[in-house]
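Given chain W's structure and the hints, the job is docking chain V onto it.
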Amino acid sequence: MADSPLAGHLPSKTVDEADEQPLYVSRKKIYPQAVKGRFRTIKWAVLFVALGIYYFLPFVRWDRGPHAPNQAILVDLANSRFYFFFIEIWPQEVYYITGLLILAALVLFLMNAVAGRIWCGYLCPQTVWTDLFYAVERLIEGDRRERTRRTKEKATLEIFTLKLLKHSIWLLIAWWTGGAWVLYFADAPTLVGQLLTFQAPPIAYIWIGILTFTTYTLAGFMREQVCTYMCPWPRIQAALTDEYALNVTYRYDRGEPRGSMKKNDALKKQGAPAGDCIDCNQCVAVCPTGIDIRDGLQLDCIQCGLCIDACNTVMAKIGRPENLIAYDTEMNVQARIEGRPEVRRVVRPRTLLYAGLIALVGAIMVAALATRHTTDLSVMHDRNPVFVRLSDGAIRNGFTIRVSNKNLEERRYALGVDGLQDARLDIVGGQLDPQGRPMVVVGPDQTLEARVLVTAGDAKHPSSTALRFTLTDIASGETAYANDHFMAP
Amino acid sequence: MSQETHGPVDSVTGVTTTGHSWDEIQELNNPLPRWWLWTFYASIIWAAAYCVAYPAWPLVSSYTKGVLSWHSREAIETDLADLKSLRAGMTAKLAETPLEQVGQDAELFTFARAQGKAAFGDNCAPCHGAGGAGAKGYPNLNDDDWLWGGNLAQIEQTIRHGARSTSDQGHQGSMPAFGREGMLKRQEISQVADFVRSLSGLPVDQGADLAAGAKIFADNCAACHGDKGQGNQDLGAPNLSDQIWLFGSSKTAIMEGLHNGRGGVMPAWQGRLDDTTIKALTLYVHSLGGGRAE
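Listed in order, the protein sequences are those of chains W and V.
Those letters in the first sequence? Residues 236 to 724, by this note's numbering.
Those letters in the second sequence? Residues -2 to 291, by this note's numbering.
One chain only, chain V, in its complex shape:
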């Protein structure tokens, strides 16, 4: 060892070498830079202090907690509380402003829409899509067709209590399974399906008996969907004469609905979301484009 550290002196630099030689290339024995050494020592001290102060070492079934008892959960809760207090003023204002009047305050409306958009992304997007575009069986919230009504109060009611949900105040009413329950024969189902397609001007099968379909419709369907198939929002019965189809407009899709019945479920959000969030969601959904004034 001593031979290595006090090796021969390099003639060019005047520095001792370590004595190592690779293909006659000598390794100079320059010391480590002092600033580097001190940084290294400081890191060791820092690491030790860190282990004492903060959670650091895993144990068999737990871990060392550190004397500062710092916890990531608390940090998150502090952040959330900060955020809440930051929004407190606007949140309080939103809470006390009646739903119909929020739109008159541009700043409050922007705040409500932003909060509603965030809540929509967290809670509604899995079924209705990130932009509320819906999917087969999940209504598109951007269009002007509403199963349970599209004014602010109706949208709020739907969000709050859901449809066919566990809530007593939720919307009820579903499409019976005419085929499975034996109320209509297969041929009758085909006839009424053709008639329903004709209601919104869709082409029907050649030789379809629309008169027979109309009769079946009047006897079985008009009670909910109306004489002209214009729907009934109290029962959540869709308008069959427009261009919007929740489960598809093909004859197969319509016959499938007639045979098995339909009854999509929307959960009740009261109790899961606070009132202000429901309010913000209502305003957001209403502002997507399909919201009705009355």
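Bound-form chain W, shown alone:
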């Protein structure tokens, strides 16, 4: 700590306090107050957009032709297909999902490097749903003052009715959340009909139940505890962040020493040190995790910026400049104290690295998607027997081929084999194409398994010869390859 340029300026009392804090603390219930301002507006906008996408996306249609489902996003577990707008992913192409997850992680890292825990404050599902549940609570039970007062009152019928109403609406939102989830796994309009007439598969009701329960408990009861105790991200994030990342920062260079308006005004007139913070506690009152941002950057802070809105409102009222609390860096606070100019540096090795990696992974994904084959050939050699000697002394190997036709129309493929002299190829139960080549016919969006026999004359063969199977779409000429071996005694 002594080597750090920030040493001596961090609010050291919290560090000392942390040492003395018990390992187990009972939960303190939080009653966040309503707030208006720029960041609150952004939060509302993000909430509406995010929930709107989540709840209504399953109803978006995407025409794929007569044989395929027309739902834009569909996880078709029964038929092992994943549809994402123009992309159709087969189970063996699950690496696209891996790529997406890597991209998501990198975007999270980049967000963190540029603007700290902006994910936590605005986009995280836990934040979004908790925010919505708080809004409902505020609407029914009133703002911070009423809710705090009511906890001290005796239970009356009115309080009971309000609580009942609140929990009903919460459950309704939770139930809709679970309901929207299952719509991604089946044709949404059909499933809605089935759900309403109790004809849907039991698994749908089970998942709705699970997600209703988790949404209700996580957003209704556990709230900020999820962020503080359950979520690993704040702890990982602390290791990834650096001094240039924007964080919700109390500018203590301007705010301290805090004091009442009158007292500090008087001090200022005398030329004594006095800060802008009037210790009104509004930043604490509005905080959804119940912390005091003036204690500095801390684990529980999700950096939603609501304290900025609250503080700005107060500053405007008392006629002092805004942004006593703002998205800023500890570096800049330090710079101002020391009279150096502020530094804003978004382009740095860290952000360049993340952005570069995002571009790279994205490019790989796009390239993989663009060059995605619509035909897939895999070959498996018989293990028992590895080879067969025929009555005329010839050697024959059996293979199982699997042909996947990812197009939405039936296709005919000619199968050939290279690498072995005078090899003869037969498909058991197969037909021949007009040129006399063995042929397989694969239905739209389907996989076909066939047994293939490769026979070579009775000349002496090496015990293993490399073979290459070639599968050619007779109409388009698209070719797929698979390598295997021809085994002999």
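All the pointers check out, no bait thrown in.
Simulated pairs of lysine to any residue, SDA-like, Cα-Cα distance not exceeding 20 Å:
no., chain 1, residue 1, chain 2, residue 2
1, W, Lys695, V, Leu199
2, W, Lys641, W, Pro304
3, W, Lys401, W, Tyr266
4, V, Lys133, W, Asn619
5, V, Lys133, W, Gly628
6, V, Lys212, V, Gly223
7, W, Lys263, V, Gly11
8, V, Lys114, W, Val663
9, V, Lys114, W, Arg686
10, W, Lys695, V, Pro200
11, V, Lys133, W, Pro724
12, W, Lys641, W, Tyr716
13, V, Lys114, V, Gly159
14, W, Lys263, V, Pro28
15, V, Lys133, W, Phe622
16, V, Lys114, W, Phe622
17, V, Lys114, W, His616
18, W, Lys263, V, Leu29
19, V, Lys133, W, Ser626
20, V, Lys114, W, Thr635
21, V, Lys133, W, Val621
22, V, Lys114, W, Asn619
23, W, Lys264, V, Arg31
I should point out that these hints are in silico values taken from the structure, not numbers from a laboratory.
Chain V alone, transformed into the frame defined by chain W:
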């Protein structure tokens, strides 16, 4: 006890301790988490209800059956019935399609092959091997050599009634024990064995009298194996002029067969397997690679 539960108060946390001290380390008397306690109570209730509802406690010679009278046997039977009804459509289609026409319907053929493969693994693999590769004395079903014929009807007949089996309609005919029964002398057996090896181009012993062997063959073996040793599928007599040997091609192996005779048994499967399964098995064996068109 009371002293333990109301021990001194820990100065840091403000929680009472149990009074226990190990090397001056105090044990805090924090209560069990309430959610944990309730989960624990719920487990007790669950366990009791389970014992009432399901089979649970062993008795001397039986066990408590539970009020739901749930039985694992029934669960399996339900599963099997479900599976059967799931396959019912294709099974019915397979049952009514003539054997020769199944191959024309790709979907039905795939279904039959899959079902045949499963039935093969259950019933045939112990002798013929999981992939039908056979072993000494057990024919390889992948090659093109057939003792009793390799078209669909012949394969079905063999599966249905077996060979040298207890079925009246099974294939009959076996290789006599020429040596043991005294029909051929040891030297004659050696001569004919050399001749048989020469039929498929295998090297023979130096100074072997092939003419004498040919004479013995014509007198004793040609009736079943044919003049040129080309075999006879009506009698299950193997083709001796090809490269495939059921019991091995060494002179010792051939002489052993001549001395003791041969006659492997294939059981009859009619009555053990239903007709549709036999049909599926036939198609599967035929498709292994050696099946003949006619």
